[in-house]
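Engineer: Both chains are sitting in their own frames, so use the hints and assemble them into the complex.
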Amino acid sequence: MRIVATKKDLAAALASAGRIASAKATMPVLSMVRLTAAETGVELAATDMELSVRLPVEASVEESGSVLLPRVASDIVRSLADGPVTIEHRAGEGVATLSGGNSSFTLNCLQAADYPELPDVSSAESEVPAEEFLATAERVGKAASRDEMRPVLTGVLLRLAGTEAVMVATDSYRLAVDRAAVPDQGESVTEAIVPARALAELARLADGQGALRVALADNQASFALGDTRLTSRLIDGQFPDYNQLIPDEFDHDLVLDRAELLGVLGRIGILAQRGTPVRLAFETGTLTVSATQSELGEGSESIPVAFEGEAFEVGFNVEFLRAGVESLDGEEVRLGLISPLRPGLLRGEGDDYRYLLMPIRLNT
Amino acid sequence: MSERPSILHADLDAFYASVEQLLRPELRGRPIAVGGGVVLAASYEAKRFGVSSGMAGGRARELCPDLTFVKGRFSDYQRLGDEVMDILGAYTPAMQRISIDEAFLDVGGSRRLFGEPDAIARAIRARVRDEVGLPISIGAATTQHLAKIASQVAKPDGLVVVPPGGEREFLDPLPVGLVWGVGPATASRLAADGITTIGQLARSSRADLAPLVGGQVGSKLHALANNDDPRQVRSAGRGRSVGAQSALGRVIPTDQVLGEVLGHLADRVAARLRAARRAGRTVTVRVRFRGLRSVTRSLTLDEPVASTLTLREVAEQLARAALADHPDEREVTLLAISVSNLDDQPEVQLELPVARDDPHRQSSPTGAARLALDRSVDSVRERFGRTSVGYATPALSKRALVPDEFRELAEREVRPGQSAGRGEERDG
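For the protein sequence lines, the chains are A and B, in the order given.
Mapped onto the working numbering, the consecutive letters of the first sequence carry residue numbers 1 to 364.
Mapped onto the working numbering, the consecutive letters of the second sequence carry residue numbers 1 to 428.
Pulled out of the complex, with its shape left as it was, chain B reads as follows (with noise of 0.2 Å):
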């Protein structure tokens, strides 16, 4: 841990909604809200209505009458959430982007350059603002969970400084509601039994937690509302690993309902690393089963895969192992993929055909086929757009309810689980 607050969390506020209302100056200072049947983002004036994203649209309109609609431009958000971060690459290497709008910097090595963190945290935000034109809140503290609070309460459009040896007195009176991973369920079980503060969670015992919320999420709270979090910046801009999910609601997993739904997140997947002329080893499947239970599966394969069509079918093989392993789970909530293991798209030996033809193998003639189709359907999307082409499967099936575009940009990379390659997990 470092001594100084050198860990900076940058979050743009309310993104789409203030990108929306960049782009367009007729929606300044008016309650607007991205998205139709249901809210995607809403704009600071909408969110003193009650407005938040998640809400019907229904239920908005109701709670606030003036509430514009505005349609998603996802190239937008990307492009500009791109220039953000390319600002905030400028002062240190060591960044973490975490989603479209957010990132953790560690700006300890850059004093000499830059100066003292508080002064390069001003200096980001004038730059978004003057160069973006942008509103971003930034906290500066000694760990990532207390930059990313701090960073909560700076909002809107703030600065929020956590001094070396004050962070128990900015901690304690904040709500838990701000501890990484309580979301209104957990908060309103721990309310329950007095626990409303961070100090409060602070002081209780990890026993008195346990029934409340599980032994091992209780640990983990308790760690973090004691400012315990060790993790560092994974500098370098390339993550580890890609990853898409979905949320089903509940369904009962049929051949049919995998290979859509695995279909799509395998297209998503993939088409992201080829993107990114990357490709990996280890597939990664999450199953989430009622009431937030979860188990993983990996594989880790003899070649990288970038391919749509292996992927998919990779990741079919892991969800039945799963599902197979849990015959008393009848409905899954969630399917999740990720590609770790990453390295770059190796540039590949084709194989005459002379042996047996492993469709999984990018060298085999099957593979190298594969892979010339999903580059000649990026083109073709790159084009065209991406509904323009796409596999049967998924591409036919109705269960796509929010656009492509902004799961994109709201995917956060899903973790492989534990090493051995099976994990369960119960979410917090």
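Bound-form chain A, shown alone (with noise of 0.2 Å):
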């Protein structure tokens, strides 16, 4: 096998497979990318059983041929200078050469018909504006959890119905919810939990491309871009009932301007870090971020808000609350909230995205 491409589109690819490829398997194929050179073109594959990648690279195939590729050449070929870059393997053998400018390298690498069989998903491919799709799952996404202990909050549950797709996301702590217009679904009703992991590095894989197509199977999910593929495994359980969770009726539903309110947070929030709160206290016309560090001392601002009834005070984590305001589009804020242990909603203006917020209970 012999492919000669540039040094960008190579170190591209590479870096798009290589962040699939598992750092940590336990099956050494699992750490290697696959490149595979064949009349029609050159394809990366990437895996690490739970998320798959293919994508094309931009080649002169000189001799077909695969081969498994460390990802150390990933850092290599970025760091080497522009122009051409060959790779170059004998069927068989143990290394591959890889080439560029006047470096050269000697590579060990595996065999490619030791690499696992990549998942095929049949099920029809519905076919979305990817644009708008990705943002929404990015935004969703960010919600969702990191811990492995509880698998179904680190997914963003996809539900494709009628002319929506909805997404939602939670850690437990903060939910997010939003929706992406898709081409009508007709009758059918599809609904999966795709990690949130997979949604983030199709968002990065996109390239401002027009089309997604996404197809749902039982355990599987494919979304195509053109010619580069991401399978995902899906996540089994049951996701949190999402309506039953943002309430229906808020006692206060306050509109804050969002930068002056970012610019608030971002200023008494550096007091706030650690778990400590940040506290907003609200009373007639006024609301007052506040924030206190032992160690440190403590931070207030006031600003005016159009409050009514009785005063109270309710604590948020800081980073948690600042993520939720900043992920909204538009100049304004609405915050509705019921009581210092209840959750908060925020919204924007004139979309449907939901961001619910838990709040730290305060000691005092």
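Hints are computed from structural coordinates only; laboratory data are not their basis.
Each statement offered as a hint is correct.
Calculated lysine to aspartate or glutamate pairs in the DMTMM-like style (CA-CA distance at most 25 Å, straight line):
| # | chain 1 | residue 1 | chain 2 | residue 2 |
| --- | --- | --- | --- | --- |
| 1 | A | Lys142 | B | Glu347 |
| 2 | A | Lys142 | B | Asp357 |
| 3 | B | Lys71 | B | Asp13 |
| 4 | B | Lys155 | B | Glu169 |
| 5 | A | Lys142 | A | Glu332 |
| 6 | B | Lys155 | B | Glu26 |
Structural biologist: Take a look at the structure:
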């Protein structure tokens, strides 16, 4: 096998594939990237058995064949001088050579025949507008948990029905819901829990491309952008009923200036690190944001707000609160509150995005 | 070990009785006892007749017909004890309060500010007398053990400084009963072998002591008699554990008994944690059987505990494990709970009800509800008294013999057992 590609194309493709290849795999082949050269073109593939990716590389094939390259090939190619890069491997040999400019590397490699078969999802594909779908996935996916002990919460619930895709994620402290337009699904309703990581990788692979083809099967999902295809194992389990978690009514529905609120949270939040809450104290006409860090000191800042009723104080994790405000579009933020122990709801202007956030219980 | 006698042991004299006499002048100079059925504390005037704490009321009256019994005023004891501790704490940050009415201080670092240890001891005694109105005795020495003995020798209302180099001369003639850990039973066993003074104890060999009191206890007493006490005064006012224990006589540990007693202890420990705005991750339970054999079991949780119900559940689980490991022990004589690995009560990030609801985690919906309930109970008790509301099992139990308030004042912290989470010991 022998291929020649530009450093730029090859480096980008190796980086994308290298992110999927497992860094701490128990099986050595899973830490490798498969390069396949055929008359039809060159393809890179990687999998960690949960996520798999196949992506095309612009290259000229001088001799077809395939090989498993170590992930370090990505770092090497990235550091080469601009220009053509050649990868060569003789069938059955334990090394591949990689050269560009005046540099030459001989890398230990494994045989492509030892690589696991990548999953193939045969379900019907729906074509959705990539940009809106991926923006929604990214916005929602940030609320997913990273705690592998609660697998369901590391996923994004994807529900395709009617003319919309509903996406929901929660790490149990906050919950984000949003919708993206999709072509009419007719009578069919499809639900799946997609690992948040798969959607994040998908967003990185996408490059402003037009249509995303989505296929959901029993235990696998496939997302295709042109010839680039990401498949992901689906997460088994029951996703929390998000409709039940979001209160129907809030005692207070306050409108705040998004930029002003972010400014206050940025300043006061400096003293609300390591689990200490930022406190939001409401009284008629005023919101006072404050934080106290016993070793450092305290800070507070007041902004006007159309608050009426009995004064109360609620505490939030400042990172969660700021992430919520940042995830909203528009100049205004609507904050719905009930009590210091009930969730608060952030909404923007004119869209269906919702960010629900549980408070930190204050000790006083 | 410090070369100068910089360790002070300050101990209020006949504390509860002294407080009663302070607050009720008509009782001054008269033999009084706090308590009723049982003498909880006796004034020096009563002690002269042989009245001592723990004695049955009837027996005390026989010894001292003029004895006046008074009911305890526990909130006053706490308040005045705290006032005294504030005075002590003004002389050094290295203060370790070991009960309501006594504390160790290391004043080695306070010389430039306040003078030599004996001058500091005199200043403390004068201030406690003038500002609080109570007599306090102080012992000053190079070790905690020696300072404590010195304060006992100083009583009532005195000061004894043991000069460096004079330790042996001071200790040798004193009775063994003053050594930490020597109770009446141990003292009589030692006396049977002709050991009545600390000097004799110090000169005896460990091998001789082992058959009398057991090897471990023997080594400990021998070391103390030789003034070998490496303990440091643990500075900072905040304890490393909060505990409570209940002596039970001899009972068969049925589920009912465990539920009542541990429920009761958990309530006291958790309430104290909450009052101090603390929570701890390690729960230790001690079960004592007949013959002073005791076992401890401890468990370190993922999240700190300050909830009464959670602490009770964990404690019951540990107690059952300890009992299951000792199927031959049919009766228990004492149960104790302590919570260590303490930290400030975190401000808990609450959770949406999306995952398995683990009541032992403060952030889970049920865990948060438990703590909210406890806080409501705490505030009701603050207004209406501690018996105004409580959990049913311990509250309806008839087991409490001594007023809770008194127990709380007298409570010592119990320490977690061996680091492995299990420990067996024989009380000395």
